[in-house]
Structures are given as structure tokens and as C-alpha cells.
Amino acid sequence: DAGVIQSPRHEVTEMGQEVTLRCKPISGHNSLFWYRQTMMRGLELLIYFNNNVPIDDSGMPEDRFSAKMPNASFSTLKIQPSEPRDSAVYFCASSREGLAGGANTGELFFGEGSRLTVL
Amino acid sequence: AQSVAQPEDQVNVAEGNPLTVKCTYSVSGNPYLFWYVQYPNRGLQFLLKYITGDNLVKGSYGFEAEFNKSQTSFHLKKPSALVSDSALYFCAVSDTGTASKLTFGTGTRLQVTL
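Top line first, the protein sequences correspond to chains A and E. Under our numbering, the first residue of the first sequence is numbered 1, with each subsequent residue one higher. Under our numbering, the first residue of the second sequence is numbered 120, with each subsequent residue one higher.
Just so you know, the hints here were simulated from the structure itself, not pulled from any lab data. Here the structure is a predicted model, which is why all the values come from computation and not from measurement. Hints may be right or wrong, so weigh each one.
[What the hints assert, rightly or not] Pairs of lysine-lysine residues, derived as DSSO-like cross-links and limited to a Cα-Cα distance of at most 27 Å, are as follows:
no.: 1; chain 1: E; residue 1: K168; chain 2: A; residue 2: K24
no.: 2; chain 1: A; residue 1: K78; chain 2: E; residue 2: K168
no.: 3; chain 1: E; residue 1: K220; chain 2: E; residue 2: K168
no.: 4; chain 1: E; residue 1: K188; chain 2: E; residue 2: K220
no.: 5; chain 1: A; residue 1: K68; chain 2: E; residue 2: K220
no.: 6; chain 1: A; residue 1: K24; chain 2: E; residue 2: K220
[What the hints assert, rightly or not] Computed far set for chain E versus chain A, every beta-carbon distance over 10 Å:
no.: 7; residue: Y155
no.: 8; residue: Q164
no.: 9; residue: D173
no.: 10; residue: E185
no.: 11; residue: Q190
no.: 12; residue: H194
no.: 13; residue: L201
no.: 14; residue: D204
no.: 15; residue: A206
no.: 16; residue: S213
no.: 17; residue: T222
no.: 18; residue: G224
no.: 19; residue: T225
[Said to hold, decoys possible] To give an idea of the chain A side of the interface with chain E (calculated C-beta under 10 Å), a few residues:
no.: 20; residue: L45
no.: 21; residue: F74
no.: 22; residue: T76
no.: 23; residue: K78
Every residue gets a Cβ at the ideal spot worked out from N, C-alpha and C, and that includes glycine.
Could you put the whole structure together from the sequences, leaning on the hints where they help?
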């Protein structure tokens, strides 16, 4: 089975440009997560969706960040305008969620990440 | 708010020796606890979890972890380390209210040498 697919793997852009990161979750998974990883702050949850609906976006840094999930097989994370401090590795993860405490609780499948460098 | 502490940035172990990677947690309700591993330039991979039941949890690649409620700890262990275990290990926590909304620790780099 294909895992979580992210694109692009690497992105270098200049400050002020729009950046769009893409994610295809594992087929049949109903939850999708966007994380950001930096040396300074570690892994931060930005937003997560359940059944294509945003459930918690409290980790989204500011209005420059937006995320969408138009259908069960695709999500985007957009940064506009981008700033150097947005440089990080952005991970998408998906899971098959059932009842809290159920067999699949917390078992996230991560993509290989999109490394973003904003100059 | 839930949080996880991994007190060691790096753990060095000789191959064949037992290893322990430490993790303590803080949650308001009953904890769900997880360990993930990250190899260079890869995403995180699930290793094991504690939800309820037996305090000793066994996971992938011979790893296990013990849930200790009184010490609020969930240390990762392996009886005999391999060089191929060298990677970055993350502890994570959620609770019955947040389920899969995981909060990750800062990670511990495990270096296993010959």
C-alpha cells in the first residue's frame, strides 16, 4: 500500500512568496494532521482534520497559514506571504480514527515531509 | 494542557547492551502514551503505545516501554541494542479527551556504536 504522499519534498522560495504544500493521505484513513518540525521548537501540531472537517487549528501560527481538505484524498497547507521564520520541515500524517482509546488511537502514519526554506 | 519531557538530548549505548530512553508526561486525565522513531530525512514511524491494561507494552523491533503512573513515566527500553537502532526517538502523549491529538517531546537521539 502507498503511504502518505507529500509534495514537494523540497521547496526553496523567497520571502513574500506563496507556498503550497500538498498531501495525499492513506486511502481509508479519516483523520489528517499537519505538523511542523524545527530544531528550536521540535514537532508542533498545526491543524488536524477528521472526515475532511478541521477539528483543531489552534496550532496554526497566524493568518498567513491556511489549510484545506476538499476531499478525503487531498489536503493543502498554504503560507502566504512566506517569511524566513517559516523555514522548517512540514509533515503530513494520517490515521484511521475510531473511538478514543480504540485500536487505532494515536497510530499516525507520517509522510516523508516537505522541507521548506524561505530566503 | 498536556506535555512530555525527554530529559536526554542524546543516549549513547554499545551494541548488545540494554538501552533506556526516558520520558515523563503531564496530562489532566488518563494518559495515552506513544513512542515514535525517526530515521534521517524520513517521517516518524509508530513504535508502540499504552492505552490501558498491562503496564508493560511491547512494540516493533524488540522495543518495549513501561507505564508507571506514580512516576508519570513511560521509558522506552530494549534488552540488546543494535547499530541499526540509531535514530531519533520521540515520546508523545494525549488523553481520553484529545485521543489522537498528540503532543510530542523534543526527541532523544540514540547512538548505538560497535
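Outcome of the hint check:
1. Distance check on the hinted pair: K168 of chain E and K24 of chain A sit about 25 Å apart at the alpha-carbon level, within 27 Å; holds.
2. Distance check on the hinted pair: K78 of chain A and K168 of chain E sit about 32 Å apart at the alpha-carbon level, beyond 27 Å; violated.
3. Of the pairs offered as hints, the one joining K220 of chain E and K168 of chain E holds, with about 14 Å between alpha carbons and a cut-off of 27 Å not exceeded.
4. Distance restraint check for K188 of chain E and K220 of chain E: the Cα-Cα separation of roughly 21 Å lies within the 27 Å cut-off, and the hinted pair is therefore satisfied.
5. As the CA atoms of K68 of chain A and K220 of chain E are separated by approximately 18 Å, the hinted pair is consistent with the 27 Å bound.
6. Annotation: proposed proximity of K24 of chain A to K220 of chain E holds, straight-line Cα distance about 19 Å (limit 27 Å).
7. The non-interface label for Y155 of chain E is inconsistent with chain A: the shortest C-beta to C-beta separation is roughly 8 Å, within 10 Å.
8. Its beta-carbon lying about 7 Å from the closest one in chain A, Q164 of chain E breaks the requirement of being farther than 10 Å from that chain.
9. Against the 10 Å criterion, D173 of chain E stays outside the reach of chain A, whose nearest CB is about 15 Å from its own CB.
10. At roughly 18 Å from the closest C-beta of chain A, the C-beta of E185 of chain E stays outside 10 Å, upholding its exclusion from the interface.
11. The claim that Q190 of chain E is not at the interface with chain A holds, since no C-beta of that chain comes within 10 Å of its own (minimum 21 Å).
12. Distance check on H194 of chain E: its Cβ is at least 18 Å (rounded) from any Cβ of chain A, clearing the 10 Å threshold; non-interface status holds.
13. Every CB of chain A lies more than 10 Å from the CB of L201 of chain E, the least distance being 22 Å, so the non-interface label holds.
14. The Cβ of D204 of chain E sits about 19 Å from the closest Cβ of chain A, beyond the 10 Å cut-off, so the non-interface label holds.
15. Distance check on A206 of chain E: its Cβ is at least 14 Å (rounded) from any Cβ of chain A, clearing the 10 Å threshold; non-interface status holds.
16. The Cβ of S213 of chain E does not lie farther than 10 Å from every Cβ of chain A; its closest approach is about 6 Å, which violates its non-interface assignment.
17. At roughly 7 Å, the least C-beta separation between T222 of chain E and chain A is not larger than 10 Å, which violates its mark as non-interface.
18. For G224 of chain E, the non-interface assignment is contradicted: its Cβ lies about 7 Å from the closest Cβ of chain A, within the 10 Å cut-off.
19. With a minimum CB-CB distance of about 5 Å to chain A, T225 of chain E fails to clear the 10 Å threshold, and the non-interface call is violated.
20. Interface hint at L45 of chain A: satisfied, since its Cβ lies 7 Å from the closest Cβ of chain E, which is below the 10 Å cut-off.
21. Evaluation of the F74 of chain A hint against chain E yields a violated restraint, the C-beta minimum of about 18 Å exceeding 10 Å.
22. Given hint, T76 of chain A at the interface with chain E, is violated; its Cβ is 18 Å from that chain's nearest Cβ, farther than 10 Å.
23. For the restraint placing K78 of chain A at the interface with chain E, the shortest Cβ-Cβ distance is roughly 21 Å, beyond the 10 Å limit, so the hint is violated.
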